[in-house]
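Colleague: Top line first, the protein sequences correspond to chains G and A. Numbers 1 to 244, taken from the UniProt record's numbering, label the letters of the first sequence in order. Numbers 1 to 330, taken from the UniProt record's numbering, label the letters of the second sequence in order.
These aren't lab readings, by the way, just hints derived from the structure by calculation. There may be inaccurate statements among the hints.
Below, a sample of chain G positions facing chain A; criterion: calculated Cβ distance under 7 Å [to be verified]: (1) Ala103; (2) Leu134; (3) His137; (4) Val139.
Pair ranges (Cβ atoms, derived) [claimed, not checked]: (5) Gln75(G) x Gly150(A): 20 to 28 Å; (6) Gly70(G) x Pro146(A): 42 to 50 Å; (7) Trp322(A) x Ala145(G): 21 to 29 Å; (8) Asp122(G) x Phe162(A): 49 to 57 Å; (9) Arg218(A) x Gly65(G): 25 to 33 Å; (10) Leu109(A) x Arg117(G): 46 to 54 Å; (11) Ala179(A) x Gly135(G): 57 to 65 Å; (12) Ala145(G) x Arg170(A): 56 to 64 Å; (13) Ala33(A) x Asp122(G): 56 to 64 Å; (14) His200(G) x Arg218(A): 33 to 41 Å; (15) Asp122(G) x Ala190(A): 22 to 30 Å; (16) Gly296(A) x Asn93(G): 55 to 63 Å.
Okay, the calculated bits of chain A under chain G, using three or more residues with CB under 8 Å as the criterion [as the list claims (entries may be wrong)]: (17) 101–112; (18) 214–226.
Beta carbons are placed, not taken as given, at the ideal position from N, Cα and C, and that holds for glycine.
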Amino acid sequence: MTAAVRTSRVSKSYGAFVALKDVDLSVEPGERRAIIGPNGAGKSTLFSIIAGQKPPTSGSIFIDGADMTGARPDQLWARGLSRTFQRNQLFQNLTVWENVELACAAHHRGLFKSVSRDALDDEIGGVLERVNLLGSHDVRVANMAYGEQRQLELALALAGRPRILLLDEPTAGMSPAETQAMLRMMIALPREITILIVEHDMDVVFSLADRVMVLNLGEVLADGTVREIQGNRNVSEVYMGKAL
Amino acid sequence: MTVADVIVQRRSKPFVALRLWSVLALMIAAFAAAPFLGMPQFVQALVIEILVFSLLALSLNVLLGYTGLVSFGHAAFFGIAGYAIGIIAIHISTDILVTFPLAVLVAALCAVPIGWLSIRLSGFYFLMITFAFAQMVFVAAFRWKPVTGGSDGMIVPGATLFGAPILGSRESFYFFVLAVFTVCAALLYAIVVSRFGRTLVGIRESTPRMRALGYNVRRYKLAAFVVGATFGGVAGVLNSLFNLFIAPESAHWTQSALVLVMVLIGGAGYFVGPIIGATIVLLLQHWLSSYTEYWGLVLGILFIVLITGAREGIAGLVMQGWNHLRGKGP
């Protein structure tokens, strides 16, 4: 089976500093894969490279078998890849509804494409319902609580009808209750969506992921099932001797 | 609350645009009736100037207010179209059906390479490259004497239609400008409320998100740049036809700065903001300049007060007051 996301010997250097070194990653369609590691491990760099934000210094990125190395985010989106941001990237001066409308409208733009108002409204409403924000449809994003803004981040990514979803620390800065609510939403996502998640909260990682890749100092330290990673002594040492 | 409930609730809201256009339609009707009610010629001239600069400011607002691109060289297209109509009228034809569209087309075509290069930069660098392009246009107009008349400027021949002179009287030109302004303002409004316009707002609010949503941000920015330049070109054509003269100063950076100030004072991102800003700036200029040559100081103080106290300009202040009255918070 062709991997949904595959990286081949991906490296990234900033001058003399090597942020990533020969990272190989293969995520099967429908799989939920987490990337973890201590600060400075290279998680965000790898994430940015897969999302098309940064080009790798060397190595290749494949999406559904197609070489997408150096592709722009909009080209990756056309391949069914959608993402959330670690720091909210929302349309602050628009309402929740208008935010999702922009995301949904992305599918219907083009000279010869059109969609009825009813169909677009149904689509927007459906996305908001999925992330429990239907009641806040008329609220300007700048006036929303932080936790709700994180939910809207997920909504915008889902409105892209993704086949591959990249989640960049989706629970960062959330209270425990908000984290649990977000986790439930992520678990409830259809299994057809391949998920690649970077996350610090190990409860979230182990509740959601099928497999986990551990990065340390820009290199792959371990790659395996949740149980394998939990029992990996090297990984525990990286996390300051704590049992995972 | 179900999805159907929310959709019904959203569709039952009053149509804000209808209210806005009701007010604007009343104002345009009043302006159209004014000459029949004895509006003096000098007031007609002032209204023409206000409408021309309102259109220029509205066109800049597509970039500044809706797309978040701070252009410091918008007057370049005002000047290019202004010169183009003069050159076409001198060398090809004075027929307005030829000169007007061709001059606007020249401005739009010039905007394609200038915009293509400029939108590769953002923020301060975008501002500086647009400034540099505008100064290149200014220098070309100033130095290319055989074509532009250099520092002496260029006499623009009066317009004709099928060989007969038209727009010769102040009153006929007043109605012409009012009609062109109304059509252009309606077109610009249709653009900014369209899906394309909402996409521009998305780019202004979060470019990384728009890229992640699959939008080709550069293409949209270039389109906004060309749209702004096209309508700025229409303003330039009207200006040349009104004065029957064009000078290099029309493309100077101070002209770009003035129109930028108009948009910011009126309220960038609000459709009527540039009209309010152009009106205030030109009224201040005409009224105060009869008392003091330091009228620019008063304009400067007004600008500082608004920029520090009300960043959304006068239109923003009015909207805040309106929302406050309706009990919709800050």
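Colleague: Evaluate each hint against the coordinates.
Modeller: Status of the hints after comparison with the structure:
| no. | hint | verdict |
| --- | --- | --- |
| 1 | Ala103 | holds (5 Å) |
| 2 | Leu134 | holds (6 Å) |
| 3 | His137 | holds (5 Å) |
| 4 | Val139 | violated (11 Å) |
| 5 | Gln75(G) x Gly150(A): 20 to 28 Å | violated (49 Å) |
| 6 | Gly70(G) x Pro146(A): 42 to 50 Å | holds (48 Å) |
| 7 | Trp322(A) x Ala145(G): 21 to 29 Å | holds (26 Å) |
| 8 | Asp122(G) x Phe162(A): 49 to 57 Å | holds (54 Å) |
| 9 | Arg218(A) x Gly65(G): 25 to 33 Å | holds (28 Å) |
| 10 | Leu109(A) x Arg117(G): 46 to 54 Å | violated (36 Å) |
| 11 | Ala179(A) x Gly135(G): 57 to 65 Å | violated (47 Å) |
| 12 | Ala145(G) x Arg170(A): 56 to 64 Å | holds (59 Å) |
| 13 | Ala33(A) x Asp122(G): 56 to 64 Å | violated (47 Å) |
| 14 | His200(G) x Arg218(A): 33 to 41 Å | holds (34 Å) |
| 15 | Asp122(G) x Ala190(A): 22 to 30 Å | holds (26 Å) |
| 16 | Gly296(A) x Asn93(G): 55 to 63 Å | violated (32 Å) |
| 17 | 101–112 | violated (count 0) |
| 18 | 214–226 | holds (count 4) |
Of the numbered hints stated above, those contradicted by the structure are hints 4, 5, 10, 11, 13, 16, 17, listed in ascending order.
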